[in-house]
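Take the given structure of chain D and dock chain H to it, following the hints.
Each chain, written out:
Protein chains: 2
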Amino acid sequence: VTLSELDTPALLIDLDIMERNLGRVADYARAHNLRLRPHTKTHKIPALARRQRSLGAAGITVAKVGEAEVMLAAEPDDLLVAYPVLGPRKLARLMAVAGRTQVTVALDSLIAAQQLSAAAHGAGLTIGVLVEFDAGLDRMGVRPGEELVALAREVAQLPGLTLAGLSFYPGHIKHLDEDGLRRLDALAALLAAVEADFARAGIPIRIVSGGSTPTLFQSHRLPLLNEIRPGTYIFNDRNTVAAGACTPADCAVSILVTVVSNARGASVMIDGGSKTFSSDRSAVAGDVTCGHIVEAPDARFVKMNEEHGFVDVRDSSRHFAVGDRVRVIPNHVCVAMNLHEQVYGMRGGEVEQVWRVEARGKLQ
Amino acid sequence: VTLSELDTPALLIDLDIMERNLGRVADYARAHNLRLRPHTKTHKIPALARRQRSLGAAGITVAKVGEAEVMLAAEPDDLLVAYPVLGPRKLARLMAVAGRTQVTVALDSLIAAQQLSAAAHGAGLTIGVLVEFDAGLDRMGVRPGEELVALAREVAQLPGLTLAGLSFYPGHIKHLDEDGLRRLDALAALLAAVEADFARAGIPIRIVSGGSTPTLFQSHRLPLLNEIRPGTYIFNDRNTVAAGACTPADCAVSILVTVVSNARGASVMIDGGSKTFSSDRSAVAGDVTCGHIVEAPDARFVKMNEEHGFVDVRDSSRHFAVGDRVRVIPNHVCVAMNLHEQVYGMRGGEVEQVWRVEARGKLQ
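Taken in sequence, the protein lines are chains D and H.
Every number in the working numbering is 222 more than the matching position in the first sequence, counting from 1.
Every number in the working numbering is 222 more than the matching position in the second sequence, counting from 1.
Extracted from the complex, chain D is given alone in its bound form:
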């Protein structure tokens, strides 16, 4: 099957670029002796998680139990659920997963730890816990210092749990500009203080898992940090470029669409909208465009309804006829993947792989 035989909208993955992206981060992690636990919420495809494992990933990360259930198919050595899991139904499902592989959960409250402990103890299992601390974003995680040490100590004493370490997400560092570099320095100082706190308390910390897309290639500069869990790097998107973590040439993903109307002069309509791309905005302040049109960089994808998009072509030298097909790089690939039943791995204009997005739209 070739590109011209695919119907639209179709989410395309350039396999050469994807493989280069996977290799770059695997090499970086290996060079700096960092555990790599890729976040699979980006691709949601067990076959790609298996690919990440074969390149040296020590485990994988998921955002919810529904993804963990699907990702068992990748036979991960260790599966991190990056958020607290609460309630008897979700915990029962999590224990079923934990019966098949080592499970670790990131959490930031005693209530979440107690519920997890009761479920694990009841099932005769041991669940690893990363205690989440606030690295500056002020959105989740306990305060570093006494509060963090106290929660870690309590977790270590609960039956069915083992204190695997700590986790953090420095989402307040959006870009490594001057301000971002200052925040990165502050984060390094914070991590050194956390290290000292735990040394003083005599609590051994095996794993410290953290980072974000903008800080990915600075991870070796952060003390204490020994595990990274990047997600978007496998494909990259407009927002990864905006974060300074890759170049436009590193974007492996695009969505093929067809022009279905050009009856209005100023704009044309394409067959992809918020149910194809998601309505996630550009991370660039003031940029309201919904994606980058590869074949017509001067055309502006300015608006979406649910199944269709509107491209302002007034400044474009390209003529858009009804039936024309163009490719669009989305703002945010993780949410776009979640909207597609299947995606196409392309090489040299040929469809080499068709993947079902197996973990899309699952229960939490």
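Be a bit skeptical, because a hint or two may be false.
Pairs count within a copy or across copies, as identical chains cannot be separated in the list.
[Unchecked claim] When the alpha-carbon atoms are kept at most 16 Å apart in a straight line, the in silico EDC-like pairs for lysine to aspartate or glutamate are as follows:
{"#": "1", "residue 1": "K584", "residue 2": "E563"}
{"#": "2", "residue 1": "K525", "residue 2": "D360"}
{"#": "3", "residue 1": "K584", "residue 2": "D229"}
Derived from the structure by calculation, the hints contain no laboratory data.
This is chain H only, laid out in the frame that chain D set:
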């Protein structure tokens, strides 16, 4: 099963409110002798389309062939695809649908009409066509006047097609404030002119299908218009309220979530994010909140990542403990429905219906 036994996030539909909403619009259409062809992109559930038919709907509307395929299960008398369908694969699928029920397509170009004609003629079928005109939004549709009459005439002469009428979408009328009422008057004048054009040209127009959520209950004031195709009215959402088309008490939909972290003082984290609600914004200018929290109207749902949301609780009198459950009315229900595998029809705290969202995330 009761509410307390449902795991989160869960999309709940209050059946009493839904039935009142369905009845209100069915009664309005009947009272004003308007054909009602509900847009099923909102609910994506054949059982609900069947409910709409039993209340007098003359047909149903879909946004794409993938929805048409699923909605055949509702056995509609007439199925309108509200957008042009292009390319041999989609047209072959559309002809398969047309072999089982009357299909009508809205389009605005000769190319789309010719492709549809070739497919219909080849399959020995007759497809209805609504010629779409621009009612003021300037996003799709040909210009009313000569251009519209010319395209309608060409459609009428193509084999395999029958000119069923005209369609329009007055998306430039956002709210019936003073400005909106002025635009409504201008639309009425435009429709009268279109009527005169077609009378002069001697082209009979059977159906004129149009309107939007803000203009829904003003449809009887518009000349020529004889078919409405509302979608959101079955559930309503924050944006329907913002459009002035319903009150908050008419919102049948809410999403049940659990508080999974309250470690930060200013905000708490809930287990629903952009993969639960979608990232569609509020239609109210300047309103950046992601939903309305029923149990705590003073708490502000200000931010989402993919699977989690962040609620600013500084101005809320309600305390949010880890494990607490609250309900959130989404900004835009159509895109939220598209993210859920199943939804729950509730009556008096009991789950009366579990519906699979059968047409969610389908191919175009």
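Outcome of the hint check:
Within a single copy, K584 and E563 get their C-alpha atoms as close as 12 Å, and across copies as close as 7 Å, so both meet the 16 Å cut-off. Proximity of K525 to D360 under the C-alpha cut-off of 16 Å is restricted to the inter-copy arrangement: shortest distance 12 Å between copies versus 32 Å within a copy. With identical chains, the CA atoms of K584 and D229 are at most 16 Å apart between copies only, with a shortest distance of 13 Å across copies and 25 Å within one.
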